[in-house]
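Engineer: Chains as they are written, first to last, in our numbering: chain L, 1 to 128; chain Y, 1001 to 1128; chain V, 2001 to 2128; chain Z, 3001 to 3128.
Do not take every clue at face value.
In silico SDA-like pairs for lysine to any residue, Cα to Cα no more than 20 Å straight-line [said to hold, decoys possible]:
| id | chain 1 | residue 1 | chain 2 | residue 2 |
| --- | --- | --- | --- | --- |
| 1 | L | LYS118 | V | GLY2068 |
| 2 | L | LYS106 | L | ALA42 |
| 3 | L | LYS106 | L | ARG4 |
| 4 | V | LYS2106 | L | ARG47 |
| 5 | V | LYS2009 | Z | ASP3076 |
Note that these hints are calculated values from the structure, not bench results. All values derive from a computational prediction rather than experimental measurement.
Protein chains: 4
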Amino acid sequence: MTSREYHYKVQIFYEDTDHSGVVYHANYLKYFERAREQIMGAAELVRLWREEGLGFAVYRADISYHEGAEFGDELDIRTTYAKESDYRLIWTQEAWRPGGHKPAVKALIHLVCLDRDKQLKPIPPIPD
Amino acid sequence: MTSREYHYKVQIFYEDTDHSGVVYHANYLKYFERAREQIMGAAELVRLWREEGLGFAVYRADISYHEGAEFGDELDIRTTYAKESDYRLIWTQEAWRPGGHKPAVKALIHLVCLDRDKQLKPIPPIPD
Amino acid sequence: MTSREYHYKVQIFYEDTDHSGVVYHANYLKYFERAREQIMGAAELVRLWREEGLGFAVYRADISYHEGAEFGDELDIRTTYAKESDYRLIWTQEAWRPGGHKPAVKALIHLVCLDRDKQLKPIPPIPD
Amino acid sequence: MTSREYHYKVQIFYEDTDHSGVVYHANYLKYFERAREQIMGAAELVRLWREEGLGFAVYRADISYHEGAEFGDELDIRTTYAKESDYRLIWTQEAWRPGGHKPAVKALIHLVCLDRDKQLKPIPPIPD
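Same shape as in the complex, but just chain L:
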């Protein structure tokens, strides 16, 4: 079962771009993570980490890049997720430029939950 689609805005600053004039390719992984953390809730993530010693880790990321975002863009990060098993969340995430007709960047991100000893744990409930 796939979640509803979530939207998250990312403003592109100097820090995000490289000398070719577009966003540095690794940075989209940061935007996708910000969007996921917004959905999971920063306060809940902090609680899980401090009280239960649980954190999330990316296990797999498949990214395709179609167009480079530029300084000044406000990207729309569109996210859905599905719980593939008790141990894995699969996130479909896209970065849309303003006025874009298709996503500039798309990714499939597999997330697992680890305890402080880096042992796999069941995915805690995600607030809706």
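Chain L is already provided as a structure; the job is to place chains Y, V and Z on it using the hints.
Structural biologist: Chains Y, V and Z only, in chain L's frame:
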């Protein structure tokens, strides 16, 4: 003459912290820049860059660190600025943690305006 | 035809890690890029950019994460590449921790060559 | 008493630059930290962290920027340090571009030592 005080929120994500558990010290310079760009206006900065070939550069940054921000914090970046001369803006910027009694990090940032050949140009008007 | 295997060392600093104690997942894309640039040659990349207006862009990146690198690690980035067509280079890249029995992180990176107008161009020769 | 001068090389990659064509200003703090960690010794820093729960934190950074480093540059980071007191190290660090007649960027960095509860501790001995 000093501007009014502006506020800008920064959510602290995984990407912001380091293994000591607090925000990596260089990252505050990013947050301060985001706050300045919000004040100067992303659209106007893009226009200046594309149409007039003008960009801003940090000439001097004096930063003092009093407390480390943590994952999950929403920082309040407080900013004022003054035009010291036709060629230099001086920004006073602070990062406040939620519930903080004093700034976690403070900085004085000197900004100049450069053309594409890295020559000094007069500071363009800042929208209020 | 696949190239020989290249090795590139990456020292893990504070800046590389996040508060979970391991390297932030997006950073491996940086290490892989550093290794590719070492192979292609920084001076040649600068020449291509300045004289011919050519740069490289990641078109696709498939990354799998098996183990987190830690502060103080010296990673061994192992790289091979193959020219899939006149327009695409495919890089197989792995990050090995010291004493590791398998790669901590593996990636398949598709690279294309773009001119300043972001139009696809044939891949220039790679020095061996 | 001031230490001898140490040299550390930093290769400038895509990741380091921004869309204005030069190195993003916050990144010099990373290069200076890499140089300091090289001097203090990664293995010793790991040992201090794991066995004694001690880490270093930047308390103050005064940076002046004179020239922007570019993609392809190999910067020479020149570092000296002095122990100002039992609780504070002061580092003088410069980034030199190839063939430069003066430092592109200069910084004075104050470092303190903290335990896991963020309490000030005496600076441990630095290997020479």
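Engineer: Determine for every hint whether it applies to the structure shown.
Structural biologist: Tested hints:
1. For the hint linking LYS118 of chain L to GLY2068 of chain V, the alpha-carbon distance of about 9 Å falls within 20 Å, and the restraint holds.
2. Of the supplied pair hints, the one linking LYS106 of chain L and ALA42 of chain L is violated, its CA atoms being roughly 24 Å apart against a limit of 20 Å.
3. With a C-alpha separation of about 17 Å, the suggested pair LYS106 of chain L and ARG4 of chain L falls inside the 20 Å cut-off, and the hint holds.
4. For the hint pairing LYS2106 of chain V with ARG47 of chain L, the CA-to-CA distance comes to about 31 Å; that exceeds 20 Å, so the pair is violated.
5. For the given pair, LYS2009 of chain V sits about 19 Å from ASP3076 of chain Z by alpha-carbon distance, which is consistent with the 20 Å threshold.
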